[in-house]
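Could you put together the complete structure from these sequences and hints?
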Amino acid sequence: MSDHAAGFSVDLEAVRSFGAGLRADLSGHLSPEHDQILRTFVDTPTFGTRTASPDVQAAATLYHRKLIELLDLMDAFIHNGAVFVQAAEEVAAAYSHADTLSGDQFKTALAVASAKVDDALWAAQHDPRTGRSL
Amino acid sequence: MAESYQRWRLPQLWEMLTADDPEHAHLHLATLRRQQTALETQRDRLRLLRDHLAEGWPPERSGAALAFQQRVNDMIEAMTQAAIGAAEVRTNLAHIVAALGDARTDLAPLVAKYESAVPHPDPRIVRQVQKSLDERAREVFMGTDKVVAEATARLAVTLPTYGVIRDRVQLESAVPAQVPGSDPRTPRGGDRGFVASRVSGRPASPAFEPPAPIRHDDIDEGFDLAVDRRVEPQISAVGGSPLDSSASGGFGTRAVSAISNGVIGGPVIVPGQSELRAPNVRGPMVGMPQTGASVMPRTGVGGAPMSRGAPGGPAVRSGTSASGGYRDRSFEEYATRRQASHADPDGQWVAPEGVAPMIEAPKDRPHDPGPGVLGIDR
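Protein chains in written order, with our numbering: chain P, 1 to 134; chain Z, 1 to 378.
It is worth saying that the hints were derived from the structure and are not from the lab.
Just so it is clear, the structure is predicted and the values come from calculations on it, not from any experiment.
Be aware that a few hints might be false.
Claimed, not checked - Not close to chain Z: a few residues of chain P, all C-beta gaps over 12 angstroms, as computed:
id, residue
1, Arg-39
2, Lys-66
3, Thr-130
Stated by the list, open to error - Sample of chain P residues at the chain Z side, in silico, Cβ under 10 angstroms:
id, residue
4, Ala-14
5, His-29
6, His-79
7, Ala-87
8, Tyr-95
9, Val-112
10, Ser-114
Backbone N, C-alpha and C define an ideal beta-carbon position, used for all residues, glycine too.
Here it is as C-alpha cells:
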C-alpha cells in the first residue's frame, strides 16, 4: 500500500519529533543507565567464588548466563533505538523528496539506518586515523 | 548427586561462605532492580513516542508507517519481557543470596564453638567436639544446597529472543534510487556515540576455587571417641561452651556424665583419661570390657548407691564395710581370688601339682545301717 494511494500527507514534524525524542531518551537515560549497570556487573563478583557446592556453582553459572542475556538485550535495545532514530531521519528525508513511501522502501530506509548506526558504532570504538580499536 | 561435604571441615566450609562479600550480592540485586526500572521507563517512553508518531504518520494509511510501527512494537514487547525477566532473575537470586546468608548465620556460632574448643588440654576431646560441629556444618550446607537448587530451577527464566537489527542493502546501488534524498555515503556516525557503551566487556565467567579438601587420612574415619551425637546437645545445654571448664563442674564432669549415657559397659571417659573405641562402632555397646573404674553411680533398690569392690579399685580391708557388715580374713582372700579371676577371665583355675593334699579323703568304713533311724551311727 502506498501513501499516495491512501491519499494522505505525512506530518513530517511528527516523524522528526519521534527521532529527536527517542534520541534524547537513549542518550539521556537508557544508554548511561546501561553503562552504569554494565560497569557494576563487570566490577562486582557475585557469589560462590570459593564454593565446593555443585548446586551453588550451577546457580552462579546460570545467573551469569542470564546476566549476559539481559545485557545483550540492553545492547540490542540501545542499538535498535539508534536505528529507529536514524530511520526516522531517513523517512523524513524521503518524504521531503516524494509524496510516497512504501513498506519495501521503508525496509530499505531501515537497512540504511542500520548500516549508518553500525558505522557510527564502529567509529566510536576505533581510532579514526589508524582504525585500531580504542 | 548431592555433595556430602565429607571432604571438608567447618573451617573450610566457613571459608567457602565468607569468601563472598554479602554486599556484592546485594549490589547485584539492586542493579537488577535498576535494570528492570530502566527498561520499564524506556518502554513507557517509547510507547508515548510511538503513539505521537502514529498520529502524524498513521500506520493504517501507510505501509511504511505500519512497517516502522511493527518494529517499534517488537521492541516494546521485548522490553516488557526483558523487564519481567530481570525481575524474575532478581527474585530467584534473592532466594539464593538469602539461603547463603542463612547458612552464614547458622555456621557463625558453630565456628565460635570450634575456635573455643582449641584451648582444651585433651586434644581428643577437642577433636571430638569439632567433629560434631563439622557434621552439623555439613548438614547446614546440604540444607542450603536444596534451597539453592530450587531457586536455580526457577532462575532459568526465558528471556526474549530479540537481536540487533541487521537489515542490509547494497548501499552503493539500491539505496539512492529507492530512497530519494537518502545518501548513505554522506557523513555517517554523527553524534550517535550513545550507541557505543563506554564500558566494554561482559562480567567474567564464574570460576570456582574451593578450599583444598582435607587429606584422606584426616577424614573422619579413624578412631572415634565414645561420644554419642545424640548427647552432644546435652553438653551444650548444661551451660556455655561445651568446653567451658569455668562453669560449675567444668566440661570434664559434664562430659563424663553425658558420654556415659547410651554406652552400657563401654569405655568410660574420665577427665584426662579418654578411652578410644574401635571405628565404625556407633550407638550403645553392651558388655564391652571396662578398663577403669566406673564413675557412674550404681544404684540399688530404691536408688541407694551400692558399694562394690571393683577390679583395680581400692583394696578391701577386713573390718567394717561401708554397708556396715563385718568382714573377716576370709573375705580378703575371697576378694583377692575374685580380683585374680577378673584380671584373667579366660584363665583356667590352676591348682598346684605334686603337693601333698591338705584334705584327705576319708577312709572307707564299713557301714551297717541299723534298724530304725537312718544315720544314727554316724
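For each hint, the structure was consulted:
{"no.": "1", "hint": "Arg-39", "result": "violated (5 angstroms)"}
{"no.": "2", "hint": "Lys-66", "result": "violated (5 angstroms)"}
{"no.": "3", "hint": "Thr-130", "result": "holds (17 angstroms)"}
{"no.": "4", "hint": "Ala-14", "result": "holds (2 angstroms)"}
{"no.": "5", "hint": "His-29", "result": "holds (6 angstroms)"}
{"no.": "6", "hint": "His-79", "result": "holds (5 angstroms)"}
{"no.": "7", "hint": "Ala-87", "result": "holds (7 angstroms)"}
{"no.": "8", "hint": "Tyr-95", "result": "holds (9 angstroms)"}
{"no.": "9", "hint": "Val-112", "result": "holds (5 angstroms)"}
{"no.": "10", "hint": "Ser-114", "result": "holds (5 angstroms)"}
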